[in-house]
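For reference, the chains in residue letters:
Number of protein chains: 2
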Amino acid sequence: MSKLFNVAVIGATGTVGETLVQLLEEREFPLLNLHLLASSESVGQSLPFRGKNVRVRDIDAFDFSQVQLAFFAAAEAVTLSYAPRAQAAGCSVIDLSGALPADQAPRVVPEVNAEVLASLAVPVQVACPNATATALAVVLAPLRSLLTVRRLSVTACLAVSGAGREGVAELARQTTELLNMRPLEPRFFDRQIAFNLLARTEPIQGTGHTRSELQIAADIRHVLADDALKVSATCLQAPVFFGDSLSVTLELVSAVDLLAVQAALEAAPGVELVDSDDYPTAVGDAVGQDAVYVGRLRSGLTDDAELNLWIASDNVRKGSALNAVQLGELLIKHYL
Amino acid sequence: MSKLFNVAVIGATGTVGETLVQLLEEREFPLLNLHLLASSESVGQSLPFRGKNVRVRDIDAFDFSQVQLAFFAAAEAVTLSYAPRAQAAGCSVIDLSGALPADQAPRVVPEVNAEVLASLAVPVQVACPNATATALAVVLAPLRSLLTVRRLSVTACLAVSGAGREGVAELARQTTELLNMRPLEPRFFDRQIAFNLLARTEPIQGTGHTRSELQIAADIRHVLADDALKVSATCLQAPVFFGDSLSVTLELVSAVDLLAVQAALEAAPGVELVDSDDYPTAVGDAVGQDAVYVGRLRSGLTDDAELNLWIASDNVRKGSALNAVQLGELLIKHYL
Ligand SMILES: NC(=O)c1ccc[n+]([C@@H]2O[C@H](COP(=O)([O-])OP(=O)(O)OC[C@H]3O[C@@H](n4cnc5c(N)ncnc54)[C@H](OP(=O)(O)O)[C@@H]3O)[C@@H](O)[C@H]2O)c1
Ligand SMILES: NC(=O)c1ccc[n+]([C@@H]2O[C@H](COP(=O)([O-])OP(=O)(O)OC[C@H]3O[C@@H](n4cnc5c(N)ncnc54)[C@H](OP(=O)(O)O)[C@@H]3O)[C@@H](O)[C@H]2O)c1
Chain A
286 MSKLFNVAVI GATGTVGETL VQLLEEREFP LLNLHLLASS ESVGQSLPFR
336 GKNVRVRDID AFDFSQVQLA FFAAAEAVTL SYAPRAQAAG CSVIDLSGAL
386 PADQAPRVVP EVNAEVLASL AVPVQVACPN ATATALAVVL APLRSLLTVR
436 RLSVTACLAV SGAGREGVAE LARQTTELLN MRPLEPRFFD RQIAFNLLAR
486 TEPIQGTGHT RSELQIAADI RHVLADDALK VSATCLQAPV FFGDSLSVTL
536 ELVSAVDLLA VQAALEAAPG VELVDSDDYP TAVGDAVGQD AVYVGRLRSG
586 LTDDAELNLW IASDNVRKGS ALNAVQLGEL LIKHYL
Chain B
286 MSKLFNVAVI GATGTVGETL VQLLEEREFP LLNLHLLASS ESVGQSLPFR
336 GKNVRVRDID AFDFSQVQLA FFAAAEAVTL SYAPRAQAAG CSVIDLSGAL
386 PADQAPRVVP EVNAEVLASL AVPVQVACPN ATATALAVVL APLRSLLTVR
436 RLSVTACLAV SGAGREGVAE LARQTTELLN MRPLEPRFFD RQIAFNLLAR
486 TEPIQGTGHT RSELQIAADI RHVLADDALK VSATCLQAPV FFGDSLSVTL
536 ELVSAVDLLA VQAALEAAPG VELVDSDDYP TAVGDAVGQD AVYVGRLRSG
586 LTDDAELNLW IASDNVRKGS ALNAVQLGEL LIKHYL
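If you're matching them up, the sequences are chains A and B in order.
This note's numbering applies: residue 286 is where the first sequence begins, and numbers increase by one.
This note's numbering applies: residue 286 is where the second sequence begins, and numbers increase by one.
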């Protein structure tokens, strides 16, 4: 019999945490005991796992020496508080919050830079990149041998679930208010998100960019190991519950061979290419699926050294929970 | 007393047509008789104008020699059928449909290339550019003396009203079905638009681009008189009733002076610049307003010869009806 592991999920009651627990079951993660952790507010709740209800416990009282691996799927502050404790107890950490610095916890997308996992110290610390960067990396990696990208320009239309349960609840509430002709008072978002688009998902930083936009640039360069890549990113909040849509322009050093790009994407792991007479959408295709969907592949309108494409991806799955579980599968193979 | 004109509005019962009629009233267009035209289906309807109800008439029975100016705010096919008739009757034409070729009907944005109007033959034919191109031109024109744009990359998140009354009705219907947990059958759009984003607004052409994307590139080059400008455009359909949102990246030949750009935009006609600690939205700011709103002005994340910005604009007003009425105001000054 192969080895079984004790695992903790922090933030188990959240949008990402619940999906992560489902994926551990679906993908038959070699689990002995599963510990579901959240804040003290969730104590008493339980989640279904392998036909049983597993109780949610308070992270504060948790002894990390009981587990070999912990998935941190709560806010950044929670990772920053508890990951050191986990590590001190010899527990490896997969950070889904992006809180740990990249030099301590490299950002890894299994389809792209799994080789990074070969050289880490135990207990391991590794992180999922920003969800948009992950989707981009899955699509760009198989094209590396075909084309040299000078600039990547992405407009990411992000689902409200990217902001967790409260984002989802707010879009539903606002939409209902508006359809019932009741006056709208924005609460969770800073203004009307229903039937509207917000120009950013977070407050801006000093330079005018948001944290997610900075993360996209840093993470995509890190994962593709390409520090010279120019990145332009705009993250907007779309009135969509689940699934991110990315409009991408790649500026290349030479004319693009569309057929070769198509062939490479068709063969690429984790990618589903949709014919150019059709197109994928977040809700209709990507949500609930493992693959990152690519469509509207075309060379530039006015420049044949340009490639345009559209990506639809499940922000909660490949954007976070699925990528983390894949990392877990690799970690136990290499280290645990 | 100054001269008064007889004017026809074709497509008066449509999304653009109704707004156009309102604007003719609001802006005190020097009108003697207003003729509202639509298809035979609308005969019997009427629209309010200057405190009276004006009856809608069938375009088929209309004698264009009764008017000096006709606004074509119906489908392209309607312009192609009836604009020659108008012209033969000595009536000047403002084409809001983009049907007439640019060499016969130049695309004009009054704030940008009004000088084109000085050299046309009477009866005049002139057209509004694609709505996205118009918003872009209003914002880029005041920056021409400050920066040289090598490439303009835009992701246009377009409101369903861009597809007319049927687009608006379909988003409302789909949203209600979904909130009431009823099964969804897309009708007007080819799939679910409620709480989703569609990767295009129209079928693609041979090269992989849509008609609107091709129009944006052609119209922005034409209006800015810059044939060397590289343009990359993606038009996506957003679940928004009114108001377009544009995410824009400009690649420049040299580092950008943000303060100078800010000052130029603050002084520019038809532009409302929003501070970078805030941002405009289509629904919250642009809809119902004449100005094109600009926000999230910032230099590139990884390249200081890059400028990123966000534009929110009323697709029905400046995108179409307002621009057309402004053109009408100039035409009567110059020609009629
Ligand atoms: N949603 C996405 O698409 C997405 C994508 C990529 C990355 N992420 C990242 O994933 C993480 C979780 O996001 P989410 O969307 O799942 O958020 P969420 O739906 O708001 O859930 C937050 C989770 O964190 C738990 N939590 C809150 N305070 C805690 C504390 N003090 N100690 C322990 N647990 C605590 C919550 O438990 P209680 O019920 O007890 O409050 C809940 O389980 C975030 O870092 C987010 O940035 C999310
Ligand atoms: N909506 C926008 O944001 C926008 C922006 C820029 C440009 N445009 C362009 O403006 C034009 C009108 O768009 P819209 O959004 O207002 O469309 P719409 O809401 O669908 O209205 C269409 C109008 O055209 C009339 N029409 C249809 N068939 C006709 C015919 N055979 N003869 C005369 N009139 C006819 C309709 O009258 P009935 O009621 O009799 O059918 C209605 O008044 C289109 O060319 C569109 O591309 C629209």
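By construction, these hints were calculated from the structure, which means they are not laboratory data.
Careful: at least some of the hints might be erroneous.
Copies of the same chain look alike in the list, so a pair counts if it works inside one copy or between any two.
[Said to hold, decoys possible] List time: in silico SDA-like cross-link candidates among lysine to any residue, alpha-carbon distance up to 25 angstroms:
no. : residue 1 : residue 2
1   : K288      : L432
2   : K515      : A362
3   : K288      : G491
4   : K515      : D589
5   : K515      : F347
6   : K618      : R458
7   : K515      : A457
8   : K288      : P333
9   : K337      : A448
10  : K288      : L431
11  : K515      : D542
12  : K618      : S404
13  : K515      : V538
14  : K618      : G491
15  : K618      : D562
Going through the hints against the structure:
1. Proximity of K288 and L432 under a CA criterion of 25 angstroms is satisfied in neither setting, with 42 angstroms inside one chain copy and 63 angstroms between copies.
2. Taking identical chains as interchangeable, the C-alpha atoms of K515 and A362 are never at most 25 angstroms apart, the minima being 30 angstroms within one chain and 44 angstroms between chains.
3. In this homomeric assembly, K288 and G491 never come within 25 angstroms of each other (Cα to Cα): the closest approach is 49 angstroms inside a single copy and 55 angstroms across copies.
4. Within a single copy, K515 and D589 get their C-alpha atoms as close as 19 angstroms, and across copies as close as 10 angstroms, so both meet the 25 angstroms cut-off.
5. Taking the closest pair of Cα atoms, K515 and F347 never come within 25 angstroms of each other, the shortest separation being 43 angstroms inside a single copy and 57 angstroms across copies.
6. With identical chains, the CA atoms of K618 and R458 are never at most 25 angstroms apart, being 44 angstroms at best within one copy and 51 angstroms at best between copies.
7. Within a single copy, K515 and A457 get their C-alpha atoms no closer than 37 angstroms, and across copies no closer than 40 angstroms, so neither meets the 25 angstroms cut-off.
8. When the C-alpha separation of K288 and P333 is checked against a cutoff of 25 angstroms, the pair qualifies only within one copy, where the shortest distance is 23 angstroms, while the shortest distance between copies is 78 angstroms.
9. In this assembly of identical chains, K337 and A448 lie within 25 angstroms of each other by CA distance neither inside one copy nor across copies; the values are 29 angstroms within and 50 angstroms between.
10. In the homo-oligomer, the alpha carbons of K288 and L431 never lie at most 25 angstroms apart, since the shortest distance is 41 angstroms inside one protomer and 66 angstroms across protomers.
11. Taking the shortest Cα distances, K515 and D542 sit within 25 angstroms of each other both inside one copy (21 angstroms) and across copies (19 angstroms).
12. In this homomeric assembly, K618 and S404 come within 25 angstroms of each other (Cα to Cα) only inside a single copy, at 13 angstroms, whereas the closest approach across copies is 75 angstroms.
13. Taking the shortest alpha-carbon separations for K515 and V538, both the intra-copy value of 13 angstroms and the inter-copy value of 15 angstroms come in at or below 25 angstroms.
14. With identical chains, the CA atoms of K618 and G491 are never at most 25 angstroms apart, being 42 angstroms at best within one copy and 48 angstroms at best between copies.
15. Proximity of K618 to D562 under the C-alpha cut-off of 25 angstroms is found in neither arrangement, the shortest distances being 42 angstroms within a copy and 47 angstroms between copies.
In terms of the numbered hints stated before, the structure departs from hints 1, 2, 3, 5, 6, 7, 9, 10, 14 and 15, listed from lowest to highest.
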